[in-house]
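S.K.: From first to last, the protein sequence lines are chains A and B. Going by my numbering, 262 is the number at position 262 of the first sequence; the sequence numbering is gapless. Going by my numbering, 24 is the number at position 24 of the second sequence; the sequence numbering is gapless.
In case anyone wonders, no lab produced these hints; they're calculated from the structure. Treat the hints with care, as some may be off.
Since the list gives no way to pick out one identical chain from another, each pair is judged satisfied if it fits inside one copy or across any two copies.
Unchecked claim - Straight-line alpha carbon distances no greater than 27 Å define the calculated DSS-like cross-link-like pairs of lysine-lysine that follow:
#	residue 1	residue 2
1	Lys198	Lys255
2	Lys255	Lys207
3	Lys253	Lys198
4	Lys141	Lys280
Keep in mind the model is a prediction, meaning the values are calculated, not measured.
Number of protein chains: 2
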Amino acid sequence: MNKQIIFKKRPIGFPEEDTWKLEENPIPNLKEGEVLIQHHYISLDPAMRGWMNDSKSYIAPVAIDDVMRAGSIGKVIQSNNHPKFKVGDCLTGWGGVQQYVATDGTNWFKVDDSIAPMPLFISTLGMPGMTAYFGITEVGKIKEGDRVLVSGAAGAVGSVVGQIAKIKGCTVVGIAGGQEKCDYLVNELGFDAAIDYKSENIYDALKEKCPKGIDVFFDNVGGEILDAALTKIRMHARIVICGAISQYNNKVKVKGPSNYLSLLVNRATMQGMVVMDYAKDYSKAAQEMGMWIAQGKLKSKEAVFEGIENFYDTFGRLFSGEKRGKLILKVIEE
Amino acid sequence: MNKQIIFKKRPIGFPEEDTWKLEENPIPNLKEGEVLIQHHYISLDPAMRGWMNDSKSYIAPVAIDDVMRAGSIGKVIQSNNHPKFKVGDCLTGWGGVQQYVATDGTNWFKVDDSIAPMPLFISTLGMPGMTAYFGITEVGKIKEGDRVLVSGAAGAVGSVVGQIAKIKGCTVVGIAGGQEKCDYLVNELGFDAAIDYKSENIYDALKEKCPKGIDVFFDNVGGEILDAALTKIRMHARIVICGAISQYNNKVKVKGPSNYLSLLVNRATMQGMVVMDYAKDYSKAAQEMGMWIAQGKLKSKEAVFEGIENFYDTFGRLFSGEKRGKLILKVIEE
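Okay, chain A solo, but in the shape it has when bound (with noise of 0.2 Å):
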């Protein structure tokens, strides 16, 4: 059997619990040119609660009784003649929160788990990592001596984006929730100084810590941190809107950022991104973090968490904090 989380009704705010439903369904058959896999691992992004919303996005919203959208890693189990994927093989998809997919591979993508164990490639080689590289360099344009801050910076995206900064030569700025993951980040990750915006007034610890002001904000969390970070801008500094986590489990309207007339005194620029728009780079920006993280100066922290049926409780660690890194199901019974 096939054990599936199925995505059952809309959530306001944050999700309650009958928002998914756990179904135990046949595993499908395969016709002509399909391949069965068996997903090991589950990606939970904070993403996902934007996609549960029936509203224009970058993406059509989930459809009731579908199975919940996320990135997965798998291996191929049993092939219905696929011209090119075999029984054995280790594919990244889109998956869903269910133990099998069949598919004829579209969109999917081979990796060598020789090389690296499986939540790698759905962490920092995988869609986590892409965001922060090409959002740290392609839209906020780093170069050496910038003056970095990144917000959900114990994050998987905003741990990688502060130590892509640091290899680049910037001074890098995290902000985190907690004494714990303030330490990791100087500590493990080399970050330059964090801020704890859980026990700082984060516009006090921004005079503090970044004292020449800002030359690149990298936001995972938009609200009151997007406006104490404008008010620290440089001239021609870029924000990079990556996402808004502490915005997605609203019921009221979202809170702009008041002080975005900073943009106009100091000629900055706030612009947003996708990571799919990237994908014909993907596998160049792979090469590179790849040889960083084997040369052990890029570190990637994966928070897995284990069975499809703690999926709600899972989930709800993105948004509570309760995990550093990449948040990870095993969805794989052993």
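Position chain B against the provided structure of chain A, taking the given hints into account.
M.R.: For chain B alone, kept in the frame of chain A given last:
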């Protein structure tokens, strides 16, 4: 004697009458190398409101007891061995709201008032025209076929922005207050459509008049209009933040754009600008715009009011909307 408008009190919200005081002081004596300029016209601009606030901006705030800062144009009536300017020269610069100013000529530019009436040099051939020109071309990066939306479209900057966009082959919709202004945009300036924000629901009107969305939004207004425009931007749209006149007299916090995550969804850019950054290219732009004016492609409208004594009431028209085109105060007494 020299009638001067002296800045006496930092306003909170809309400036009250005692924000300034009209004083008569002796016409200054010239030092060696200075000229005395008799002002003919003073430029009244929304930016003046910002300069009154004691906050970090792109320019220092006006000091209490100083002459109110303003752009101006006038003629040299006396020279004490100025190396470059002579009696009779027509000069434009930052002379402030007063009838006479003595200067060594720094940041003053000579214009030829035989080819165009003086007000044009502080209007379309002056700062507002330059703001429009560089804002829509360099920041908005318009190209043929773009769908352009302009707020404050009947104003000194907006009216020129829209006309330049038409010249460059764009479809242009303007937002203005009142049917008369909207008619003016469409019938006299050649805009494709206009939205009267005072009588129309801005969301409905955008749906009707920008059915295919917006590639470039040139914003002079901020507030609800910016929020509404954000819901209609197209992929890779550019939003030019030129001003936010709806927010300048706020006693509460500026309203930030709640819909800013549309930047993410649409991979769009919001960028601030200050015209002074383009100073080295002013003359090139003035030449091109002068040619368009001569060819009848670009219309410049000045709303000239008379008498330095009427400064306060005239200044109020910037925010009440009771004027069309560039607001100018004639201060020479004939």
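S.K.: For this structure, which hints from the list above don't hold up?
M.R.: Structure breaks no hint.
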